[in-house]
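One line per chain: the protein sequences are A and B, in this order.
First residue of the first sequence? That's 1 in my numbering, and the numbers climb one at a time after it.
First residue of the second sequence? That's 1 in my numbering, and the numbers climb one at a time after it.
Since the hints were derived computationally from the structure, they do not count as laboratory data.
C-beta: ideal position from N, C-alpha, C; glycine also.
Accuracy of the hints is not assured; some may be wrong.
Not everything, but these chain B residues come out facing chain A in the computed CB check (under 8 Å) [unchecked claim]:
no. : residue
1   : Arg16
2   : Leu24
3   : Asn84
Heads up, simulated EDC-like pairs for lysine to aspartate or glutamate below, C-alpha to C-alpha not over 20 Å straight-line [stated by the list, open to error]:
no. : chain 1 : residue 1 : chain 2 : residue 2
4   : B       : Lys97     : A       : Asp3
5   : B       : Lys10     : A       : Asp359
6   : A       : Lys289    : A       : Glu401
7   : A       : Lys308    : B       : Glu25
Simulated restraints, written as ranges between beta carbons of each label pair [stated by the list, open to error]:
no. : chain 1 : residue 1 : chain 2 : residue 2 : range
8   : B       : Glu89     : A       : Tyr103    : 21 to 31 Å
9   : B       : Lys5      : A       : Ser150    : 20 to 30 Å
10  : A       : Thr100    : B       : Asp65     : 24 to 34 Å
11  : A       : Pro67     : B       : Gln40     : 53 to 63 Å
12  : B       : Thr7      : A       : Tyr103    : 33 to 43 Å
13  : B       : Gly76     : A       : Ala400    : 46 to 56 Å
14  : B       : Arg26     : A       : Phe376    : 31 to 41 Å
15  : B       : Asp4      : A       : Ala453    : 43 to 53 Å
16  : B       : Val98     : A       : Phe238    : 53 to 63 Å
17  : A       : Asp56     : B       : Asp20     : 25 to 35 Å
18  : B       : Gln40     : A       : Tyr377    : 10 to 20 Å
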Amino acid sequence: MTDLTQLGVKDIRDGVAKGDFTAREVAESFNAAVAQAAALNAFIVTTPDHALAAADKVDAARASGEPLGKMAGVPIGMKDLFATHGVQTTAASHILEGFTPRYESTVSQKLWDAGAGMLGKLNLDQFAMGSSNETSYFGNVSSPWRKAGSNQPMSPGGSSGGSSSAVAARIAPAATGTDTGGSIRQPAAFTGICGIKPTYGRCSRWGIVAFASSLDQAGPMARSVEDCAIMLGAMAGFDPKDSTSLQMDVPDWEAALNSDLRGKKVGIPREYRMEGTDQAILDSWEQGKAWLKDAGAEIVDVSLPHTKYALPAYYIVAPAEASSNLARYDGVRYGLRDLPDGVGLQDMYAATRAAGFGDEVKRRILIGTYVLSAGFYDAYYTQAQKVRALVARDFERAFAECDVILAPTTPTASFPLGSMNEDPLTMYLNDVFAVPASLAGLPAMSVPATINADGLPLGLQLVGRPFDEQGVLNAGLAIQQRAGFTAKPEKWW
Amino acid sequence: MSVDKATVAKIASLARIRMDDAALERMVPELNGILQWVEQLGEVDVTGIEPMAAVIPNTLRLRDDVIDADPLTGGGRQGDVLANAPAAEHGFFGVPKVIE
Numbered sequence: 001m002t003d004l005t006q007l008g009v010k011d012i013r014d015g016v017a018k019g020d021f022t023a024r025e026v027a028e029s030f031n032a033a034v035a036q037a038a039a040l041n042a043f044i045v046t047t048p049d050h051a052l053a054a055a056d057k058v059d060a061a062r063a064s065g066e067p068l069g070k071m072a073g074v075p076i077g078m079k080d081l082f083a084t085h086g087v088q089t090t091a092a093s094h095i096l097e098g099f100t101p102r103y104e105s106t107v108s109q110k111l112w113d114a115g116a117g118m119l120g121k122l123n124l125d126q127f128a129m130g131s132s133n134e135t136s137y138f139g140n141v142s143s144p145w146r147k148a149g150s151n152q153p154m155s156p157g158g159s160s161g162g163s164s165s166a167v168a169a170r171i172a173p174a175a176t177g178t179d180t181g182g183s184i185r186q187p188a189a190f191t192g193i194c195g196i197k198p199t200y201g202r203c204s205r206w207g208i209v210a211f212a213s214s215l216d217q218a219g220p221m222a223r224s225v226e227d228c229a230i231m232l233g234a235m236a237g238f239d240p241k242d243s244t245s246l247q248m249d250v251p252d253w254e255a256a257l258n259s260d261l262r263g264k265k266v267g268i269p270r271e272y273r274m275e276g277t278d279q280a281i282l283d284s285w286e287q288g289k290a291w292l293k294d295a296g297a298e299i300v301d302v303s304l305p306h307t308k309y310a311l312p313a314y315y316i317v318a319p320a321e322a323s324s325n326l327a328r329y330d331g332v333r334y335g336l337r338d339l340p341d342g343v344g345l346q347d348m349y350a351a352t353r354a355a356g357f358g359d360e361v362k363r364r365i366l367i368g369t370y371v372l373s374a375g376f377y378d379a380y381y382t383q384a385q386k387v388r389a390l391v392a393r394d395f396e397r398a399f400a401e402c403d404v405i406l407a408p409t410t411p412t413a414s415f416p417l418g419s420m421n422e423d424p425l426t427m428y429l430n431d432v433f434a435v436p437a438s439l440a441g442l443p444a445m446s447v448p449a450t451i452n453a454d455g456l457p458l459g460l461q462l463v464g465r466p467f468d469e470q471g472v473l474n475a476g477l478a479i480q481q482r483a484g485f486t487a488k489p490e491k492w493w
Numbered sequence: 001m002s003v004d005k006a007t008v009a010k011i012a013s014l015a016r017i018r019m020d021d022a023a024l025e026r027m028v029p030e031l032n033g034i035l036q037w038v039e040q041l042g043e044v045d046v047t048g049i050e051p052m053a054a055v056i057p058n059t060l061r062l063r064d065d066v067i068d069a070d071p072l073t074g075g076g077r078q079g080d081v082l083a084n085a086p087a088a089e090h091g092f093f094g095v096p097k098v099i100e
């Protein structure tokens, strides 16, 4: 029999529906692969029973001739930022260690309703703050990829690093991610997989541990554009419990996939040619243009003049929102409590938060508190919100001249774990190409393009108009078909 | 603008994060590095630009004015609400004494 763990979402769903194999066989194969992959540290907890129970339900439904869901029989990894009923949900933090929600996030519920099952809760950067998966309380995640001829552990990217590592290692066919400033796209690029952040509001934020509420957006991570389209269709949809949820129909993205780009214009933003970008990345960008041209698109130059200011604006807006969102962790209602002898309530808060948050989280809370404090609010926060408006306006103008934008996802390939920890700023710069689309709330995707001289994957990014996930997916598909990316990490775990 | 140790101590106290001297010392250059870097935003001409809070045009909805319109977020779930509390007593969250 074929090794079921090599299959993606579509092949599993279709194979289960046709009866080529059972959902239970799929779940058992992936549960076994997960159990053997502890060295990646991709999961914080594993939930093999959840995957089996969901699979049995699908097999029973098929046996009795009931219609099967969009994700029927597909076991997935769930980023540990989504609240899951009865399963510990930590955001990779100590402060939420042991927190066991009594409710289910909307996105995870929709996936279970569509017939998916859960292999476990995936590791991530603590509270989704990080770009290398080195800020988790539960340890670093290792990428399955290594430089040719080296044993050095490499970063899977972040914050959805458990997701990217698991999908690239084929211990999960797909996983959920969340993207606040690149946290789906950058890890996808680092590990040679696909990931799409939809338009802000497409996926409900209800039950997702909040980082920066005006930016946070969930999305799928999988090994093909088709698989992303299927899974996004199961995750998206209006939710009255999220006040920023889009009250719009969810198109059938999978059915409308079409890589014929004749009549489409692809914009190349000239400001994305930045110093410090690897030559191999610039070369893959050129290659990407040629692929899209081959698919029938016309390539046009566009300008996004405020690109260089997007990242500093993000590092005011996101920490400001985080400092407010993370005020809820106080040792009273859930999670950790540190109550030194004889202290009062205020000292309990301070001790709990000191013990429960990691360094990067503290750093961002302090920055956020500072930029929102009296006397600095206008100079920092209001100014950043105005720059955000300009970044969004740049895109609006560019989309008057093109249908989709092509850019690199990251300025470099993955780097060794531990090699970027000297200065927080160096790490932040990794998201320089990803953050502008986040600030503007636009749908954006990373698809694998090629591997570099070290044997590490490189991704290309597509950014679309608001609500035009289809345009992004279609251009992604055109690249996928031409890139023929079949490289796999060699199994060492 | 840059911050000194006293300012960082003030911010940490506002954010309710206990930090000892060594932690404060370590944080000062890190915060200053980030603050100096974000200062480039001052170069941007923002004349006439409204600060953006919501990126995708949307209107805030009102929920139906009925009790427990959504049972998940409605009332009557005291047990669920208290289930993860580090100290729950008599149906309440327990905290250290706040009034002498």
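Comparing the hints with the structure gives:
| no. | hint | in the structure |
| --- | --- | --- |
| 1 | Arg16 | holds (4 Å) |
| 2 | Leu24 | violated (10 Å) |
| 3 | Asn84 | holds (4 Å) |
| 4 | B:Lys97 with A:Asp3 | violated (60 Å) |
| 5 | B:Lys10 with A:Asp359 | holds (18 Å) |
| 6 | A:Lys289 with A:Glu401 | holds (16 Å) |
| 7 | A:Lys308 with B:Glu25 | violated (30 Å) |
| 8 | B:Glu89 with A:Tyr103: 21 to 31 Å | holds (23 Å) |
| 9 | B:Lys5 with A:Ser150: 20 to 30 Å | violated (42 Å) |
| 10 | A:Thr100 with B:Asp65: 24 to 34 Å | holds (33 Å) |
| 11 | A:Pro67 with B:Gln40: 53 to 63 Å | holds (55 Å) |
| 12 | B:Thr7 with A:Tyr103: 33 to 43 Å | holds (40 Å) |
| 13 | B:Gly76 with A:Ala400: 46 to 56 Å | holds (52 Å) |
| 14 | B:Arg26 with A:Phe376: 31 to 41 Å | violated (22 Å) |
| 15 | B:Asp4 with A:Ala453: 43 to 53 Å | holds (46 Å) |
| 16 | B:Val98 with A:Phe238: 53 to 63 Å | violated (42 Å) |
| 17 | A:Asp56 with B:Asp20: 25 to 35 Å | violated (53 Å) |
| 18 | B:Gln40 with A:Tyr377: 10 to 20 Å | holds (19 Å) |
Consistency with the previously given hints fails for numbers 2, 4, 7, 9, 14, 16, 17, ordered from lowest to highest.
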